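Engineer: The chain contents come next:
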Amino acid sequence: MEQKIFTVTENLPLTAAVYRMRLRGDTTDVQCPGRFVNLRIDGLYLRRPLSVCDAEGDCLTLIYKTVGEGTERMSRMAPGTRLDLLTGLGNGYTTEKSGPTPCLVGGGVGVPPLYLLCRRLRAEGKRPTVVLGFGRADEVFYAQEFRALGAEVVVTTADGSCGIRGFVTAALEGRTFSYIYACGPEPMLRAVYEQTACGGQYSFEERMGCGFGACMGCTCRTKYGNKRICRDGPVLEKEEIVW
Amino acid sequence: MVDTSVTLSGWRIDNPVIPASGTFGFGYEFAELYDINCLGSLAIKGTTAEPRFGNPTPRIADCPSGMLNAVGLQNPGVREVRERELPRLAAYFRKKVVANVSGFSVGEYEKTVEALSGEEQIGLFEINISCPNVHGGGMAFGTDPAAAAAVTEAVRRVTDKLVYIKLSPNVTDITEIARACEAAGADGLSLINTLLGMRIDLRTRRPVLANRTGGLSGPAVYPIALRMVYDVYAAVKIPIIGMGGVSSARDVIEMMLAGATAVEVGAANLVDPYVCRDIVEALPTEMERYGIRKLSEIIGGAH
Chain F
1 MEQKIFTVTE NLPLTAAVYR MRLRGDTTDV QCPGRFVNLR IDGLYLRRPL
51 SVCDAEGDCL TLIYKTVGEG TERMSRMAPG TRLDLLTGLG NGYTTEKSGP
101 TPCLVGGGVG VPPLYLLCRR LRAEGKRPTV VLGFGRADEV FYAQEFRALG
151 AEVVVTTADG SCGIRGFVTA ALEGRTFSYI YACGPEPMLR AVYEQTACGG
201 QYSFEERMGC GFGACMGCTC RTKYGNKRIC RDGPVLEKEE IVW
Chain E
1001 MVDTSVTLSG WRIDNPVIPA SGTFGFGYEF AELYDINCLG SLAIKGTTAE
1051 PRFGNPTPRI ADCPSGMLNA VGLQNPGVRE VRERELPRLA AYFRKKVVAN
1101 VSGFSVGEYE KTVEALSGEE QIGLFEINIS CPNVHGGGMA FGTDPAAAAA
1151 VTEAVRRVTD KLVYIKLSPN VTDITEIARA CEAAGADGLS LINTLLGMRI
1201 DLRTRRPVLA NRTGGLSGPA VYPIALRMVY DVYAAVKIPI IGMGGVSSAR
1251 DVIEMMLAGA TAVEVGAANL VDPYVCRDIV EALPTEMERY GIRKLSEIIG
1301 GAH
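Chains as they are written, first to last, in my numbering: chain F, 1 to 243; chain E, 1001 to 1303.
Okay, chain F solo, but in the shape it has when bound (with noise of 0.2 Å):
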């Protein structure tokens, strides 16, 4: 973990509610994918935890959703604002497991963080699926962020107005992978868990204090003992996890 000063490049909506925010700053301990970044917002107590999407260079990139006040507030500032981020926070995905052809599985705002995923893994070499899973056609974003990395991708939403009709799970039908990557809401990574038969990492959320492993305000259970999301997370093996 380091604490440093990052500045806005670029905060615009992707959606009605989902904005990309770019920042200009020192990315050395993002570059592994999953991990996530804290971020100071004045008027505010808590700092608001947001995982990583893209570290290139000196340029960062968040994806998030309004959701609540700091969201809120993200999304009201102008480039040239200057920002505290403690950085390098959680222990991130790892490619050494993905096989040739891993399925990378996000849903809504849990998309981002697999997006360096994919570029790492295609960097690699390696032939990745992106299953990426919206409620409707204008929550839809980064299909075509993914598909420019080389992978195959798939769109679902809730009421088939984009893509395939249902949850991600509809787009794993009777396909098999070397592989799972996911984040998302809960329960579609349980469905996720359920449906295939391949290990996996899946990234979890929570409400954090710190950010940092110090508070214990994000533990959870797993089959190896309690392990605090933030700091032993976000992203658990498939073998461990208790639902």
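To be clear, the hints were calculated from the coordinates, so they are not data collected in a lab. Warning: the hint list may mix true and false statements.
Said to hold, decoys possible - What follows is a list of derived Cβ distance ranges for each label pair:
id, chain 1, residue 1, chain 2, residue 2, range
1, F, N226, E, T1213, 17 to 25 Å
2, F, D29, E, T1213, 32 to 40 Å
3, F, T101, E, A1210, 37 to 45 Å
As the list claims (entries may be wrong) - Per the computed footprint, the stretches of chain E lying under chain F, defined by three or more beta-carbons under 8 Å from a beta-carbon of chain F, are:
id, region
4, 1013-1026
5, 1056-1063
6, 1069-1081
7, 1268-1280
Since we're looking at a predicted model, the values are computed, not measured. No residue lacks a Cβ here, since even glycine has one placed at the ideal position from N, Cα and C.
Guided by the hints, dock chain E onto chain F, whose structure is given.
Structural biologist: Then chain E, alone, in the frame of chain F:
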């Protein structure tokens, strides 16, 4: 050169800054960031006789100028603390620690203190009779003078180490509890624990915390904590460790003027992991600014 040292019932520490229990784990996360030997001491995670998972999540909620927590005393149990956590901590931290102990019965407090009493690493016991996030124990002992005295007496009997009782602010008259603990043999007092509060999610119309309520800490509680330290200082003769929203060297000085001998820093560690180091570094300059040469001389100076 200014003198930042203070003495808690005969235990001298280099400066009054102590990270508060539950906001500093067992110190490792912070030892990665800075040399934690700059601290006066540190209060370890609240320990119970048996391991505890704590409450279901969400356990944390943001608040104006503060936060709620309902962790519920998650800890690995006294055996693990004695055999693993304290030895591990010794590799990073040369100084003695404040051992925070919780329980659900008088017997459990006794058992946990007894199990830790032989540890050289422990400078004093901080007996938590004020956790608002557990049921059937914790705060129940801290809101009744007779129960508070019973825990104090029991713990006093099983250890020769210093016994400080950590008091709850969720009472009508904190000085009454403070006096009961003093009469029962406490070496000192530690205050305040968190204030019981809650938040409701407007979308779900349900409490944000799975435990419904939690303990409020952070700058929001600082003036309340300061007032309570001030009142308790006037009511007892034993030393006080003051805490509640302390976030800066000036807050430390103000808390000491109210009557604290040492000061714990809690919630601030979670939003600014370097805050305790920064407070220790800022203290000499702030002391000079206010004409203080020896910090221990200002204790209770506002009375």
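Engineer: Confirm or reject each hint.
Structural biologist: Status of the hints after comparison with the structure:
1. Taken as a hint, the range 17 to 25 Å holds for the pair F:N226 and E:T1213, whose Cβ atoms sit roughly 23 Å apart.
2. Range check, F:D29 to E:T1213: Cβ separation about 37 Å, and the 32 to 40 Å hint holds.
3. Taking 37 to 45 Å as the suggested C-beta distance range, the pair F:T101 and E:A1210 conforms, at roughly 39 Å.
4. A count of 4 residues in the region 1013-1026 of chain E with a Cβ less than 8 Å from any Cβ of chain F is obtained; the coverage claim is therefore met, three being the minimum.
5. Proximity of the region 1056-1063 of chain E to chain F, defined as three or more residues with a beta carbon under 8 Å from a beta carbon of that chain, is established by the 7 residues found.
6. For the region 1069-1081 of chain E, the assignment as covered by chain F holds, since 3 residues bring a beta-carbon within under 8 Å of that chain's beta-carbons and 3 suffice.
7. Residue count for the region 1268-1280 of chain E with a Cβ under 8 Å from a Cβ of chain F: 5. That meets the three needed, and the coverage hint holds.
The structure agrees with every numbered hint stated previously.
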